[in-house]
Amino acid sequence: MSADPVQQIDQATVAHALWKVRLLDASTGDGSVLDRSTAGDCHACNFGKWLDSGADGLSGTTEFPEVFSLHEAFHGAVGTFIDRMRRERIDLDTDLGGGSIRDRSSQLALRLLRWRDRLAGTE
Amino acid sequence: MNRGFRLRRAFPSLVALFVATTGLATLGAMLGQVALAWAGLAGSLLVAIASLVVGNRIVRTLETAQATLAHQRDGDLRDRPAGDGLVRELRSILVSTVAVGDALSALVSETRDGGRSVSHRSRAMATLFESIRSEAERNRISSSNLAAAIEELTASLRHIAVNAERIRGAAVDTAAGARRLNETSFRNSLVVARQYTNLQGTTTRMREAKESTDSLEKAGSGITGLAGEIQGIARRTRLLALNAAIEAQRSGEAGRGFAVVAGEVKALAEQSSELAGRIQGQVGAISAGTTELVGRMTLLQDGLERSIAEIFRSVVSSEHVNALSTDGVQRLESTQAGFEEIARTLEESYTALGEVSTNAHELDQRARALESTVVEGTRESTLLDRVAESLESSTRGMLLAPAFFPWTDDLSVGVAEMDDQHRVLLRLLDRVARLRDGGDPGSSPDRIVAQLADYARYHFAAEEELMARLQAPDLAEHRRVHATFVERLGTFRRSGISWSKEDIGRLLEFLENWLSGHIRGTDRKYAEVHARLRAGEGARP
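Sequences listed follow chains A and B, in order.
Per my numbering, the very first residue in the first sequence carries number 1; after that it's consecutive.
Per my numbering, the very first residue in the second sequence carries number 1; after that it's consecutive.
No lab work stands behind these hints, which were simulated from the structure alone.
Glycine is no exception: its CB is placed at the ideal position from the N, C-alpha and C atoms.
Mixed in with the good hints there might be a few duds.
Which residues of chain A face chain B? A partial, calculated answer using Cβ under 7 Å [to be verified]:
1) Gln7
2) Asp10
3) Val21
Under 8 Å between C-beta atoms, here's a sample of chain B residues computed to sit facing chain A [stated by the list, open to error]:
4) Leu190
5) Arg194
6) His320
7) Ala323
To list a few chain A residues with every Cβ distance to chain B over 12 Å, as calculated [unchecked claim]:
8) Ala12
9) Asp35
10) Ser69
Take the sequences, apply the hints, and build the full model.
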């Protein structure tokens, strides 16, 4: 990722958004491979890998552990939802109206935004 | 003691009882206690009847005395023994009269003091009532103001509650709208992310196509080179055919067939050259087109990369929008919860205020009632004050002059007859004191002192008779003391005294000291004997 911390956060945000698209595509059966162990693993996605790598020197910030926890919770919710999808034959879209994935994702995105604002000095 | 004497002794008590029962009736009437008033009235009536009976007996005694004295004045001395008895009767009446005077004086004094006390207390009560009335008025005003303020507050609270309900409704609508916006923004963020993914794929494919086009351009250049080589071969073939034709000419007829072949080779060479030229032209056109395509693809790729960068920002922004809308929803839901809490609190406050308002109105009514009661109390205490003033004023004229030597319980020797006679002696001292103070101008000092001496002799005789009857010790000494007093008094009268204020003062001092010491000291001796005999003990300890 870029050395610019704001850019790093933006790329992490986009990585998270793209991962959600992959999740949505997987749930609608477009052929994407997204198994339970991978989707529920917060260390398997690009964002998770970035966090695990120390977030390019941002791991020392106060927001890092909070973002880490929120990301972990997001993947936990995804794993739970995948189990439910298999059990109840539902797709992700039906869960968008107030589901746990959307809430966790939004919480994570909000925390990333606050982190970004502080790093950009616009907080 | 005969029956008549006992009745006359009862007269002072009857008078005291009459005053007491009348006072009771008055008090009952003043306090509105009907039973008490009737009881007092009935008692007064009974006591008045008893007093009339006793008074009648006294009057008859006085009438008998008057008749006896008239007979003796007329020279009829047959009633002399009866006259001696009458003197004793009159003396006992005097004792009773003095006792009545004392009782009346005490009662009047107590009544006046009571009236003064009632007046004082009723004034204090009036002041207190006025203070309470003032406080009650302030309370009433305060409670009225409080009730008005609470009503105003209730109206304001109602207005606030209506507005709060409107705001709560607006917050509910806003929160619902924000939730829809949040869902939409989440979907949009997914759409934008998908577009980004798609565009990334398109860019990749565009890059691959450009690379293919580059390869095609390179292949065209190779074909053009091959066509040039073909044209070179055709040129050399045509030259070879020309040489063959020349050689065939030279060979003549034998070479005629060879000349035909050479001509055909030449034609083929020209055809090959033409074809190679046409290939070169076609390949050149393809190459130009490919070059143009590569240029356009380069532009398109640049555009795609710019679009990717922009969509990257769009993805970031849409994620931010989604995050902010989520935050907004949470805040609005919190605000909505806050407004619902406010609405509940306002409702509770409104209910509580209603109760407070009811209590305030009740308080106001009670304050008004209290104020009325206190005003009534003030009027009553003022009335009581007037009654007390009237009572004090009425009794003021009834008061006897203060006693020079007042009777006190420590003067009692325990024998009622002797106590009564001692009281008479003390009252006679009062008359002497009034002489000294100029308060009895119509009286003669000689006569008053003569009366005092006369009554002292009478009392001493009665006392000595009692002591003899009691077999009290030191009777002779007691007689000597009595005689000394009488002698001293006689000396005083015979000394040609001028009865100046100082002379009377000296006499009073002597009388006071002698009587006080005698009653409290010497007379105690027979009093003790009398007490022992009454207790069933012997005359001597």
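Okay, the hints, checked on the actual structure:
no., hint, verdict
1, Gln7, "violated (10 Å)"
2, Asp10, "holds (5 Å)"
3, Val21, "holds (5 Å)"
4, Leu190, "holds (6 Å)"
5, Arg194, "holds (5 Å)"
6, His320, "holds (5 Å)"
7, Ala323, "holds (4 Å)"
8, Ala12, "violated (10 Å)"
9, Asp35, "holds (20 Å)"
10, Ser69, "holds (16 Å)"
The structure is inconsistent with the numbered hints 1 and 8, although it conforms to all the rest.
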